[in-house]
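Residue numbers (our numbering), protein chains in the order written: chain G, 1 to 401; chain Z, 1001 to 1475.
Hints may be right or wrong, so weigh each one.
Quick list of the computed label-pair ranges, beta carbon to beta carbon [said to hold, decoys possible]:
#	chain 1	residue 1	chain 2	residue 2	range
1	G	V117	Z	P1105	46 to 56 Å
2	Z	K1015	G	E343	44 to 54 Å
3	Z	E1008	G	D67	28 to 38 Å
4	G	G68	Z	T1414	51 to 61 Å
5	G	E96	Z	P1278	29 to 39 Å
6	G	K125	Z	K1015	30 to 40 Å
7	Z	R1011	G	D304	22 to 32 Å
One-sided excerpt, in silico: chain Z residues whose CB lies under 8 Å from chain G [said to hold, decoys possible]:
#	residue
8	D1035
9	P1036
10	F1129
11	L1132
12	K1346
Don't read these hints as lab results, they were simulated from the structure.
The beta carbon of each residue, even a glycine, is placed where N, CA and C say it ideally should be.
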Amino acid sequence: MSSGLEAYREMISRCYKCGYCKFTGPVISHVEIKEAPFYVNCPSYDRFNFETYSASGRVWTAKGLVDGNLKWSDRLLEIVYACTTCGNCSNQCAYEISKQVVQIIEAIREEAVKAGVGPMPPHRKFGEHLSNEHNPYFEPHNERLRWIPKDVDTLDKGDILYFVGCTSSYREKEIAQRTAEILNELGVQFAVACDEWCCGSPLLRTGQFEVAKQHAKHNVELIQGMGVKTVITSCAGCYHTLKADYPARFKLYPRFRVLHATEYLEKTFGEKGIMETGIEEPTEKTKVTYHDPCHLGRRSKVYDAPRSMIKRLPGVELVEMKRSRVNSLCCGAGGGVKSAFPEWSLEMAKNRVKEALETGAGTMVSACPFCKRNLGDAAREMASSLKVLDLVELAYHNLRK
Amino acid sequence: MSRNKHSEVIRALQKIVGKDNVSDSPEELYYYSSDPSTENPHAPEYVVLPRTVEEIQEVVRLANREKIPITPRAGGLTLAGLAIPSSGGILLDLKRMNKIVDVNPNSMYAVVECGVTTGQLKTFLENTFPDLQFSVPHAPPIVSVVANAMVYGSGHVCLKYGTNSDMISGLEVILPTGEVLRTGACAVDNKSWFSKYCLPDFTGLFLGWFGATGIITKCAIELWPKPMIRDAVYYAIDEIDDMVEILLRLTKREVADDIYVNSWTGTSLDRYDMTEKPRGITELYLDVILSARSKEEYDSKRKTVEQIVEEERKKGRRIKSHSPPQSLREYILLVPQPLQFMDLKKGGGSEYLGCYVPTEKVGMAYREGVRIAKSHGFQYLQVIRPFKAGHATAIMYAFSFNHSNPEEVQRLQTVLAEICNSIMELGGIPWKPSPTLQKLILKRADPMFVEFIGKVKTMLDPNGIMAPDKWSTEE
């Protein structure tokens, strides 16, 4: 076993199978929610039922590999990759290992790639495309900026860079368009980079470390070369990867700060008094529920900015789902699951849509194009009346009113 | 077993429960082979996840035909090796049997399948029957309601109402030969689970047997009215003998739902890694948990507790009032929380040996626990909890150890054996003993008791397939 997983040897040996990782609930060391009902929180454990498909099961799988008691197999790969790395387990685990559960799962995936047995075929396929075209959607790199509407002003260089991300560039273009339009309306001058590459998150989550690192290095050099001081992202995955993974995993320490669009806009709305004056509150409020993206919420601890932004919107009432903030249920798209297990991924999203519908909300907003995509797919498949939007889209429509 | 036979069995199991619910992959066999205790790991040959009574019956019949041992498992959290398939064979993971079949709010019981977890039932009642509660154990929410009840587990109203085994009002069991037996009123009317009164009571044939006499598939568990107020009065006491005197008085006044005593190592999250008790830290912490339907009722109960404490103080007992941190109050009152102590040795090993003793012997049991642990170089954490107005008291000895250190494992096995013997000397009984400690109990027990265990097992399980290592009377 090479050094990647070996580095976790001591921590791996500390899981004593107590099972706290499998349930949503209040835990002393994470006191954000004092009273919460217990629900099975791990979508993978809930779906596959064997103990191996829980966080504890994956940690013990890592232990088996490190100790030489287990060998690579198709079953082992499925156990390791049938996980969205949503981190709900690590929030429930109250022991020191909780800080490293997701890293341990990602480290097994890295070992699988190094050993030539991983990632899973769909991941390998998008990894190969990424090496050449720098996006996982099998699109040409030179069409990355096609989303930009004609009447939007962008710069080639500047203090602020809008890091659009692959999903908003190629699939959920409305998010990028509305973000740019709002920034224009606010008078914020911002640049976009025509040579922006994928942040590397899909590669990192599926164990394709080396290609991810190339992408990270490229982006840091590109962004710093543009003299950027602040990077704004639409994607929760880009946000966490640029902000946390670049230094922690690649030892890259960029000189720019990274803000999620909701953090930036919430602050700017506050400074400019947007939506606080001059707009009459409608008597009938529209109920909106907010889905915490795993990368923004649990992994980056950004819970309040999106909620404050929603609360600024006139005529909107925020209603919480039974599982929110640290206990938020994953949309099912992350960790390479949407590409490798598409049907199950959609099932997870349907479960989340059902939770949104239980609140009586007509709209579910998120702050991640990847979440929006999977939740939207689920709502359509369910023929649900629930509207699924990105928070920036909701704000844009609200401003226009 | 030959490879061909193994494949045949796999195919047969797949036919019964579906392909996705059977595994003989090394990954599953490895995970299910061990638990955190000092008991030796042993892999099953098959892991099976049944969903219905009929599926379990089919699996049991197959196991009888092929003479394959079965080890049932629910949450797998006895911390005493009781779900380790020490005889190999089929590990029956019962988590998919997770239906809450019925709740009767008038006669106050819930009928649950064997995979229903305490977290699931607690949430269900809070959402659907907020005026009712069941006795929630201080354990992870993944613990099975049925498994907890069948091993004499206790919950947060045990001082008032007894152990969770006392609260069983009916069982549905698949016998080792595959037939379904019901005990209690449901034996007469399968929709009526309110009580086990009046009939010959076969329930005891399945409690404390750890699966050796059958697989409990449904259980009716008594529910209780849920008062609106629940709070606690806290004290710190240095001398165990003073603590026992207080316990004897408090239990008889019947004001508390639950009384919990922790040794200093279990009372604060930042103390768990201390190897020696620091100056100024009291040895024992007493939580008297009260509930009431009105503030007046609560105040009256609290006053009773305070009066008893005051009277004992006048006798010279040193009882300090105590105000635990908020996090600890939540631990005591709100929901079960993980014990940081279990990770003390950072080696994935923890064992929780409980013993039920006469309440007046708790002091001796405590001192013995401290002495034995220290003499073998282990830090101790002890918890004391009286049941049912003090008819018995549980004393739990928790240990953290490094699973990867064979010498430490062996040393702890010695500690556990010494505590087990010492408790029996005091007239107590080890709770949910590991197969290793079961042997010590049988060695000391009356020969007729041991012989009868053998007879019952042979009568119910002629092929010896059900958890054969549990209460094994074979040398």
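Looking at the structure, which of the earlier hints fail to hold? Violated hints (numbers, rising): 2, 4, 5, 7, 10 and 11; every other hint is consistent with the structure.
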